[in-house]
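Protein chains in written order, with our numbering: chain X, 1 to 359; chain W, 1 to 428.
Because the hints were derived from the structure by calculation, they are not lab data.
Only a predicted model underlies this, so the values are computations on that prediction, with no experimental measurement involved.
Glycine residues also receive a C-beta, built at the ideal position from the N, C-alpha and C atoms.
Treat the hints with care, since some could be wrong.
[Claimed, not checked] FRET-style restraints, in silico, Cβ to Cβ:
#, chain 1, residue 1, chain 2, residue 2, range
1, X, Q239, W, P124, 39 to 49 Å
2, W, S314, X, Q351, 47 to 57 Å
3, W, T70, X, L350, 33 to 43 Å
4, W, T269, X, D92, 19 to 29 Å
5, W, D45, X, L348, 55 to 65 Å
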Amino acid sequence: MAGVDNGWVVLIRSEPVKISNSHAIRLVEFGVLLFALVTFSTVSNANENELARNSLLEVQRRVQAVVTQVMPSVVSISDGVGFGSGVVIDEDGLILTAGHVVSGGASEFDIFFPSGQTTTAKLVGYNLDVDAAMLKITEGSKWPAAELAASGGRRLGDWVVGLGHSGGYELGRIPPVRTGRLLEVRKHLLVTDAVLIGGDSGGPLFDLEGKVIGIHSSIGDSIAENRHVSIETFRNDWQRLFRGERWGDLPNFTTDKELEEEVSPNKVPKRSSRAKLGIKLDDNQSTAIIIGVDSGSVAERVGIKAGDVVVSFDGVKVKGKAHMFDLVSQKAVGDSVAIEISRRGQLLKLQVILDSFRD
Amino acid sequence: MKTKRNLVPWHTFVCIASCVAICAFACPASAQAQLSDEMRELFQDIKNEFEDDIRIKLEEAIKNDTDKVTFSTDQFLRFRSNPINPFEGLENINADELDGSIQLKFEVPTARNRMIGVLERQNPGFLSGLQQVVASQNESIVEIMGDSGRVCLGTVVDSRGTVLTKASELKELEEIRIRDFQNVRYSASILKVDEANDLAILKTNARHLPAIIWSQSEPELGSFLLTASPSGKVVAMGSYSHRPRSLATADKGFLGVTPRTVGQGVELTDITPGSAADLAGLQVGDIVVGINQAVTNDVAALVARIQSCKAGDSVKIEYLRGATRQTATAVLAGRNLSPDRAARFKMMNRLGAIPSERSQDFPWVFQHDSPLFPEDCGGPVFDLDGNVVGVNIARQGRVSTLAIPTRHVKTLLAELQRENLAAVPDSK
Chain X
1 MAGVDNGWVV LIRSEPVKIS NSHAIRLVEF GVLLFALVTF STVSNANENE
51 LARNSLLEVQ RRVQAVVTQV MPSVVSISDG VGFGSGVVID EDGLILTAGH
101 VVSGGASEFD IFFPSGQTTT AKLVGYNLDV DAAMLKITEG SKWPAAELAA
151 SGGRRLGDWV VGLGHSGGYE LGRIPPVRTG RLLEVRKHLL VTDAVLIGGD
201 SGGPLFDLEG KVIGIHSSIG DSIAENRHVS IETFRNDWQR LFRGERWGDL
251 PNFTTDKELE EEVSPNKVPK RSSRAKLGIK LDDNQSTAII IGVDSGSVAE
301 RVGIKAGDVV VSFDGVKVKG KAHMFDLVSQ KAVGDSVAIE ISRRGQLLKL
351 QVILDSFRD
Chain W
1 MKTKRNLVPW HTFVCIASCV AICAFACPAS AQAQLSDEMR ELFQDIKNEF
51 EDDIRIKLEE AIKNDTDKVT FSTDQFLRFR SNPINPFEGL ENINADELDG
101 SIQLKFEVPT ARNRMIGVLE RQNPGFLSGL QQVVASQNES IVEIMGDSGR
151 VCLGTVVDSR GTVLTKASEL KELEEIRIRD FQNVRYSASI LKVDEANDLA
201 ILKTNARHLP AIIWSQSEPE LGSFLLTASP SGKVVAMGSY SHRPRSLATA
251 DKGFLGVTPR TVGQGVELTD ITPGSAADLA GLQVGDIVVG INQAVTNDVA
301 ALVARIQSCK AGDSVKIEYL RGATRQTATA VLAGRNLSPD RAARFKMMNR
351 LGAIPSERSQ DFPWVFQHDS PLFPEDCGGP VFDLDGNVVG VNIARQGRVS
401 TLAIPTRHVK TLLAELQREN LAAVPDSK
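Make the full structure from the sequences, and use the hints.
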């Protein structure tokens, strides 16, 4: 964990922020009381335990209410390649999400609601330095929306509810409910033990009033290391984001470049000998369905089109994307290969000379 | 000249398919070559994601039982920049920079013995304050013991010493021994196994143990759940994350459409190439009004219809194209996660968690987020009123534990016992 923290501190120069306790709500007191009872008493008697259970029952009642109230506003976001999450925060369809969910270059995104309803959204703005982004649904109104929490007033130990479309959107599955407690407040971030995984990025973290206090961003190697961009961070940049400004770098990219230079000061990564056909395949594992052809690639030159299915490559029957990738990677640039393509029930036989990777 | 560095996986963005890199810090490397089981499994999982030369390096490491792999600079860069991010989930990757090559030493983090912060939901002091919730039923929990400790938990289901447990955890055991709440040990034998649900019933001579009392109620989303050991200790706490659903991958029917509710029915706004819908001739803009004679006036109805079917089933779809009403028959296919995403997801699942050996493909389970270890599965899971709401059946990964809901457990148990009685007619 130290390593994880190092990485963060070195790159972001994060420092702990003093937390004001001006808005201590009753529930916070419950949490603190409960905590005091169970951790500072070595002998727990029945009364204290009953009290512990009762305060937890109160937290549970609040969590259940929050889940019912906010679930409809938690969306899955896809740029056609990956999946993240987001939360709708007004009836016109303004969405908050994480910067790295929308930084892939797309400007339009598919939006999936837990109900199964779908729509599209356009990129408004992002600040990649803090991993914050804003999207706007392009049509309609009266979208189910969650409210933002007021700035400040968070206390360590506060209970939180995390929602997000883990692992990407699944029809018929709602965002799984996670709970945890606020463990740390850093400059741009909240750290909790409400667990996150791929696909949750950009999803909302709620307080027990059902208000958004953070947006899921990253994880470390412990279940107690889940980081969320704080709502205060969004507020700081609100006007710029809303105006459509896009700025900043995701922290890892700088280091990536530095390391590359450090490791191989004189060498350009050698990629020229790797063969490339220039097609994009569907994720299917049994059939190699082409969903895109790179312009200028050998595939385009021989007339391969999106919608074609690769039947065989070099005499081998192709069993899906991974297998196709494997077969091509075994070839060298300049190899001549027979490819069979099925197009609308018709079998086409092609002979291609494989090209090289151009980055 | 030899320089050393420590490559720390520091910042995993939780977005599927984003590519993540690592930082470099100067740090002394330690020696000790032996491949841990976790690392071996990880090498096995990821090796096919790479070009041949790198794959062979990983295969050699497995064969030679070493956690050190030597790459050329070019190989290292390709290895590191793979979209699945091979460094994710690793505690420590010590790199020795040799002349023109880089030797990596891989270590997995210790999810088991981490320091638990005082404020965490899993704080032991906090959990011990909840022991009374499970106090009336902990004597109905037993441990299934292997040579090096507990392999899983079990649930006593009658007063004749019958124990329900997680079948796949018993595979490696030469003899099955159970241990009760007073640390008394008994030998046990397998009466019956339900492979699909990964349940086994054991026969023991522990006849004094009370049978578990199953609950009638189903938890609400967001309810807190507790898992306990025979001693009555609360081993983990979590929240009820998702209602019961089928996670049987083979059965799930997949139509391959993006639906949207419109006035007359469900409009298809996107169709996956090669999917069942595509092959059946459906087009973007078609409005589905019925499936297998049932009306689908909104997305929820369509989803419910499709989910009640299995892969391989054919469904009759009625739809409007412009003004004409048409019918098509689609044969539902199974759905696959892309290999890239699946591998990346698998890595993240190991961040701070150890998944059960069998963690997938369950016919009917609910999801909660209690951070169990594989050996904590097989026993009952309680709500805050002490009701037994299910049986933990697998730790799936970082965010998810799966449990079979009580109502389903009771049905399965009745089937297992009926089959067993039928096989032994004179046991009455």
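Hints the structure fails to honour: 2 and 5
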